[in-house]
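One letter stands for each residue in the lines below.
2 protein chains.
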Amino acid sequence: MSIQQDKWTPAAENHANRAAKAIDWNRLTKFPTIGIIGGGQLAQMLYQSAISLGIEAHLFASAADESAPKYFRDITRASSESWTPPEIYHFAQKCDAVTFDHELVSPNIVRELEKRGCLMLPTASTLELSANKANQRQRLDELGYSLPPYNICNTLAEIISLGEHWGWPIVIKPSTGGYDGRGVFVVENESEANSVFNSLIAHLPFVVEPKLIIDAEGSVLAVRSTTGECLAYPMVKTLQVDGMCREVTSPGDFPEAITVEAQRVAENLASDLDAVGILAVEFFSIGGKLVVNELAPRPHNTGHITIEANITSQFENHLRAVLGLPLGSTALRVPAAATVNLISSSNNQNIIPRIPHALEIEGASLHLYSKSSRKSRKIGHVTVTADSVEKALAHARLTVDRLSGLELSEG
Amino acid sequence: MSIQQDKWTPAAENHANRAAKAIDWNRLTKFPTIGIIGGGQLAQMLYQSAISLGIEAHLFASAADESAPKYFRDITRASSESWTPPEIYHFAQKCDAVTFDHELVSPNIVRELEKRGCLMLPTASTLELSANKANQRQRLDELGYSLPPYNICNTLAEIISLGEHWGWPIVIKPSTGGYDGRGVFVVENESEANSVFNSLIAHLPFVVEPKLIIDAEGSVLAVRSTTGECLAYPMVKTLQVDGMCREVTSPGDFPEAITVEAQRVAENLASDLDAVGILAVEFFSIGGKLVVNELAPRPHNTGHITIEANITSQFENHLRAVLGLPLGSTALRVPAAATVNLISSSNNQNIIPRIPHALEIEGASLHLYSKSSRKSRKIGHVTVTADSVEKALAHARLTVDRLSGLELSEG
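In order, the protein sequences belong to chains A and B.
With this note's numbering, letter number 78 in the first sequence gets 78, and the count goes up by one each step, no holes.
With this note's numbering, letter number 259 in the second sequence gets 1259, and the count goes up by one each step, no holes.
With the rest of the complex left out, here is chain A (with noise of 0.2 Å):
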């Protein structure tokens, strides 16, 4: 494939080329462009961030159901959700850099802009790993990280052996197309993997695992930019539900020499993967030894609790690294935080006159995306600040079951 060659190559020449096109501070006399594509709560969050800064943001958005066109004052609309190399060039050229609310991109449509003079951050070679779980997991064992046992699957035949060799359940997840818990499926026997094989199979190829057992999750943030200068947050505890993630806990109680390793991974990665802004890595700890499961290229959910909680968000820090900023220091400014996401029970679920009873809990920040309920969406996320991780967390719980329409954890 012409695209895996294309990718790796040339981190010698992205750097040439982003130094060339990088936003040249001293010569302005007036304040820089940012341009986001999509239209959800990061670019939302983004935008919140951008307005400190001074900075102008300018939306690439398509549909209507979003949360960021609701605050944005300059949107481009793309026509359609496919969206066009006209119209979302007319757009990049329009901006000083160009980031991302979302990985789903297509990358030749992002080395396209690159070619045509746009600085585009994440670059298309970072945006093209992110978005393919199998390219990933393959880059990332060249790099000799510490993965997941995992087998690159392209038929049946080889998922089932797997299934036998491993012993049932396993894991399959499809190289594109899966975010929130919709990219990973358990399957329990030979009949259920033929299913998902059969449903699944534009997304080829499948990573392939075995049902692992693991000890905790956790996150790191590594913010990287352009000038190469990079930070990594400290270390969050995540706990996922069904896929998603539910529930972030900062300061993570990871022992101090699994915390100190996975900000070191993160640093690493981000250099070797030439990530500009931020690059999230998701990790299991698996038997008290730390693995990658997943990057993000872009501010992502484990991240948000930064914005109460640490002395720069990561919103802010994303805008830093793509504009050629000095970053902002990623230390805690609190003792502990927690951050519960708002998922939709159901569909039509109207939160709204909930708001009043939840916002009596001490401390809860909240944060609503201001998209439409459907069952088993994120639709806005609670964090609290306290002396202690049990203290934020049962706040913020206690919060997000208000907004829910569940109060159990009150009696």
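Any given hint could turn out to be false.
[Claimed, not checked] Simulated pairs of lysine-lysine, BS3-like, Cα-Cα distance not exceeding 25 Å:
1. LYS30(A) x LYS1021(B)
2. LYS375(A) x LYS1070(B)
3. LYS70(A) x LYS1070(B)
4. LYS1021(B) x LYS378(A)
5. LYS1021(B) x LYS1173(B)
6. LYS70(A) x LYS1378(B)
7. LYS1094(B) x LYS70(A)
8. LYS30(A) x LYS1371(B)
9. LYS173(A) x LYS30(A)
10. LYS173(A) x LYS94(A)
Keep in mind that the hints were calculated from the coordinates and are not lab data.
With chain A fixed as given, assemble chain B onto it according to the hints.
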């Protein structure tokens, strides 16, 4: 003056009025819309908080050279600086509640809007009081609050007689028209008094005070909801230079008894004046005794520090109060913090090339207002949180020095 009679009688009536108009969250199926009159940095920072809460926000602004129009999606442009009732009414009708970026709005227009059924918060009565320093001083006196020594003067002869009685210099504060130092005149003798009197005759009567020896200045924000719930923020210490707030530190290093007293006074004032939203109360400490210097019924420059330092920022709590939501905790979430204002030293300063150098300072949270530089104009602020006020202040000063092109404090 009939305004005077209108003003203070109808607290009960105000309450009843508000109750009738207040937002009923139980019945909402979409997020309420808040209207903000005035396009300055307070509107800009209110917008950032509105985004987190999912609130719709609609701006009414006139001049182009303002902060908030750069970011708001929904803007009604006033056709002139002197806002006319038809257009402002059209704007207010589209909003569930209307609040203010500044208090330089004709209370008569606001009262007219109230009569037409719009929920204006703060109310015309509260605005009227804050817009007129003589009325404000007299009202606080009637309510029994401790104030600096003062007289209300209508003639030059009265002023000169006070200068002779107290000894020159004395301080003249016109009733109306002043903010950020432009409303405080220190006159050294009869001739200067004469000149100030003649140039400000349109702003009679004047509040006239002896030149006080002030130990320290501080500020407490009270926040009061439409429901009557009221909280005070911890007291901060402020440093004024040329009548403008230059620095804010939190916690202020006042004796515990002073802090408790100041919080109690601020809460009582909010209730006595029937304020809704933030009420900023500026205090002087004179010979260890606390007196109320001035009020502002809106988010306040001395409260910007709450964005990083307190669990709920003044902007979010202002919105919660106006929308009838439970108030958020006002407690500090960090040990210490400092805010330093960025004030233009000349016209047409271009600070943009200095931003990278300024952001090298550890822990600097930058807030730029996107205003053109004009001598003595506040164009931004920097907040730093740290283990001690001294460290926070040193870093915030250094950042502002770098933005201003001064680096003396580095040497």
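Status of each hint after checking the structure:
1. LYS30(A) x LYS1021(B): 43 Å, violated
2. LYS375(A) x LYS1070(B): 36 Å, violated
3. LYS70(A) x LYS1070(B): 15 Å, holds
4. LYS1021(B) x LYS378(A): 33 Å, violated
5. LYS1021(B) x LYS1173(B): The hint is violated at about 37 Å.
6. LYS70(A) x LYS1378(B): It is violated: about 29 Å lies between the C-alpha atoms, which goes past 25 Å.
7. LYS1094(B) x LYS70(A): With a Cα-Cα distance of about 16 Å, the restraint between LYS1094(B) and LYS70(A) holds, given a limit of 25 Å.
8. LYS30(A) x LYS1371(B): 11 Å, holds
9. LYS173(A) x LYS30(A): 46 Å, violated
10. LYS173(A) x LYS94(A): 38 Å, violated
Violated hints, in rising order: 1, 2, 4, 5, 6, 9 and 10; the structure is consistent with all others.
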